[in-house]
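A.B. asks: All chains, full assembly: derive it from the sequences and hints.
Number of protein chains: 2
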Amino acid sequence: MENFTAYNPTKLHFGKNIIEKLGETTLEFGKRVLLIYGKGSVQKNGIYDKVMNQLKSVNAEVVEYSGIKSNPLVEDVSEAAQIGKLNNIDLIVAVGGGSVIDSAKIVALSIANNTDPWAIMKYKSKPETTIPLIAVLTLAATGTEMNGAAVLQNPETKEKIGYVSPLNYPKHSFLDPEFTYSVPKNYTAYGVTDLIAHALEAYFGEGEASLSDRFVEVIIKEAMEYGPLVLKDPENYEYRANIMWAATTALNGLTSYGRKNGDWGVHDIGHNISYLYDTAHGATLSIAYPAWLKLHKNRIPKKITKLGNQLFGTNSADETIKGLESFFKSIYCPIKLSDIGIEENKKQEIVNQMLKNKINGMAHEFSDDDRRKIVDLMM
Amino acid sequence: MENFTAYNPTKLHFGKNIIEKLGETTLEFGKRVLLIYGKGSVQKNGIYDKVMNQLKSVNAEVVEYSGIKSNPLVEDVSEAAQIGKLNNIDLIVAVGGGSVIDSAKIVALSIANNTDPWAIMKYKSKPETTIPLIAVLTLAATGTEMNGAAVLQNPETKEKIGYVSPLNYPKHSFLDPEFTYSVPKNYTAYGVTDLIAHALEAYFGEGEASLSDRFVEVIIKEAMEYGPLVLKDPENYEYRANIMWAATTALNGLTSYGRKNGDWGVHDIGHNISYLYDTAHGATLSIAYPAWLKLHKNRIPKKITKLGNQLFGTNSADETIKGLESFFKSIYCPIKLSDIGIEENKKQEIVNQMLKNKINGMAHEFSDDDRRKIVDLMM
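Chains A and B supply the protein sequences, listed in that same order.
Going by the working numbering, the first sequence wraps up at 379, each residue one higher than the last.
Going by the working numbering, the second sequence wraps up at 379, each residue one higher than the last.
Among the hints, erroneous ones may be present.
Just so you know, same-sequence chains aren't split out, so a pair can sit in one copy or run between any two.
Stated by the list, open to error - Calculated cross-link-like contacts (lysine-lysine; reagent style BS3-like; alpha-carbon spacing at most 30 Å):
hint	residue 1	residue 2
1	K221	K322
2	K306	K16
3	K50	K16
4	K21	K171
5	K358	K126
6	K303	K358
7	K373	K302
8	K185	K322
9	K347	K373
10	K39	K158
11	K260	K322
12	K56	K11
13	K126	K11
14	K346	K336
15	K303	K232
16	K171	K11
17	K171	K69
18	K124	K21
19	K221	K297
Hints are computed from structural coordinates only; laboratory data are not their basis.
C.D. replies: Shown next as structure tokens:
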């Protein structure tokens with residue numbers, strides 16, 4: 001086991017009607033709120049009104065930035081930061097899924113340090129402070145509600161990349177499983193895939209961490225039990241709650257303690273696919289993970305076999321991969337690029353993207369040959 | 001799933017030579033340190049010197065209180081608090097296992113609020129502040145290094161009771177698995193039993209919490225895999241590390257999120273046995289848990305069966321109990337009072353203690369008849 005520090009500063013409030021604590025919670029940080037959300041689904045499903053009622057109840061002065069895309073863009077972050085600066089805000093309330101909360105994390109850093117967002121993402125500026133962020137989660141998937149990670153894309157540099165900082169943890173996060181009732185089936189399934197992928201990125205990281213491995217295995221079991229159920233019965237509170245909590249635990253530190261690092265090669269692949277074709281993040285992962293496992297099945301057969309043994313009771317790396325593919329198919333997630341309409345004629349474009357951005361994992365590095373092979377394995 | 005807040009303010013530093021960060025960490029809180037430890041084993045095994053070197057390196061002014069008993073007494077807490085007050089201390093560094101760290105938590109409250117320790121334990125005074133506590137753990141068992149609980153006993157009132165407060169979390173905890181190398185085999189085994197019992201108290205609490213149940217099951221699996229190994233090879237770093245981290249996770253919130261409460265009836269039984277016969281805490285639990293499960297096997301057969309199914313692959317409550325008893329025996333822990341020399345002639349004394357203190361669980365309440373029966377089942 002590697003040395004580690006176990007600490008997570010986010011105070012996460014989970015449950016039915018938990019939003020009723022939002023108003024009083026904002027008072028800890030001030031009155032001037034920048035409210036950030038996406039393309040308007042929170043207005044249709046009533047969550048916007050619930051949040052605004054809370055903010056009004058404490059006489060908050062609210063300015064808004066809406067329109068964050070599901071693959072979030074750095075230009076939206078820049079614009080939101082401008083609005084925040086102009087209004088001298090005390091805190092940010094972000095209402096949405098990973099894209100909104102990730103964007104809000106970088107908006108907060110950009111305002112507090114008067115810095116260009118992309119310079120932050122590229123680790124070129126070193127933020128030393130931030131503006132308090134409160135997250136109201138509407139999609140169970142990325143775990144951003146209880147971690148220090150944020151992902152953005154930049155059309156100018158043709159990149160979609162992640163940035164991790166201890167400053168990024170939300171001060172508070174509010175998770176009401178009912179807020180995810182209206183998530184469409186495909187995005188619900190992508191969320192399940194995303195949480196499984198997060199757990200696996202830890203599992204295939206560097207260093208032996210026995211208990212963290214066990215946590216990965218049961219988080220995935222939970223996702224595999226309740227994922228299919230929630231697709232059949234999207235307004236079942238227990239199913240939504242179990243998936244929502246599993247998604248948080250898949251990337252809040254728990255699965256990583258005692259490891260040198262996670263791998264994150266599959267996410268790097270996925271981000272580049274998303275960048276090229278605006279593909280939903282979860283869909284890129286259910287395609288990339290089986291391919292990654294096929295590339296690595298003769299390199300780390302024991303670990304891949306152990307995973308399948310725990311999840312499916314199988315005894316070979318091939319069976320692990322088959323089991324995972326079957327699960328993704330069972331929740332209607334793609335496992336090949338052709339499943340989402342990306343055919344052979346795009347292959348060279350994808351290979352070029354992978355080579356240009358030198359996609360890589362931290363524990364298992366790619367050669368250029370691997371970068372080509374993995375595209376073949378996804379076709 | 002019940003509503004919950006996931007938050008743990010302790011910053012836990014885990015690993016080899018992690019003590020080297022202690023000195024600088026104390027500076028966050030001040031220079032005047034009250035150092036609390038037990039009956040001298042930390043002086044024999046060199047841990048005392050390592051801690052003192054760290055404190056000297058930052059020119060801390062150290063006053064000491066030693067002699068905390070393994071079943072810690074409120075009178076020691078009072079004396080330590082007096083010393084702390086006289087010396088106007090800034091922080092406490094507690095070096096030891098659960099008894100030392102639990103005592104230090106109440107010392108801190110007693111000093112900060114100028115209050116009698118037992119009034120705190122009985123929830124008669126309501127502390128509103130505390131003195132920063134840094135824990136250096138030398139025994140993997142109670143989880144006190146990352147939670148808000150403390151247990152003390154009082155010979156005057158013939159009680160051993162627990163007190164829980166958010167003020168009780170250590171600010172920092174330092175866990176070096178090597179610091180547990182010199183723990184004797186019996187106390188190593190009691191620690192394993194203790195951590196299993198903590199996980200089970202959550203498991204048999206009130207409310208359905210699917211993922212928390214899974215976490216309980218794998219924490220116990222980890223304990224059952226590495227407990228016997230560490231007894232055979234007490235200076236194996238990985239084994240010690242795995243047990244140490246399992247003990248923390250068994251009672252740092254993770255196993256409880258989404259439940260209304262834990263049960264804690266078995267701990268209440270155990271504390272009363274410890275009070276009467278100065279029995280090691282872990283030894284009382286390996287005796288009390290099988291008895292508790294026998295008392296409840298027809299009341300909650302499904303949950304007890306589910307546990308055995310996960311741990312042993314069995315399919316009945318009786319087999320779960322047998323499996324647990326076999327495990328405790330395999331690590332040389334007692335499963336009957338007679339195993340620790342407490343025979344039939346003590347039965348009435350124990351029954352009287354249980355009736356007088358109205359031992360109880362929060363999820364599964366005892367009748368007086370249950371209080372008598374459980375003693376029979378432990379004999």
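A.B. asks: Check the structure against each numbered hint from earlier and tell me which ones fail, lowest number first.
C.D. replies: Checked against the structure, no hint fails, so every one of them is satisfied.
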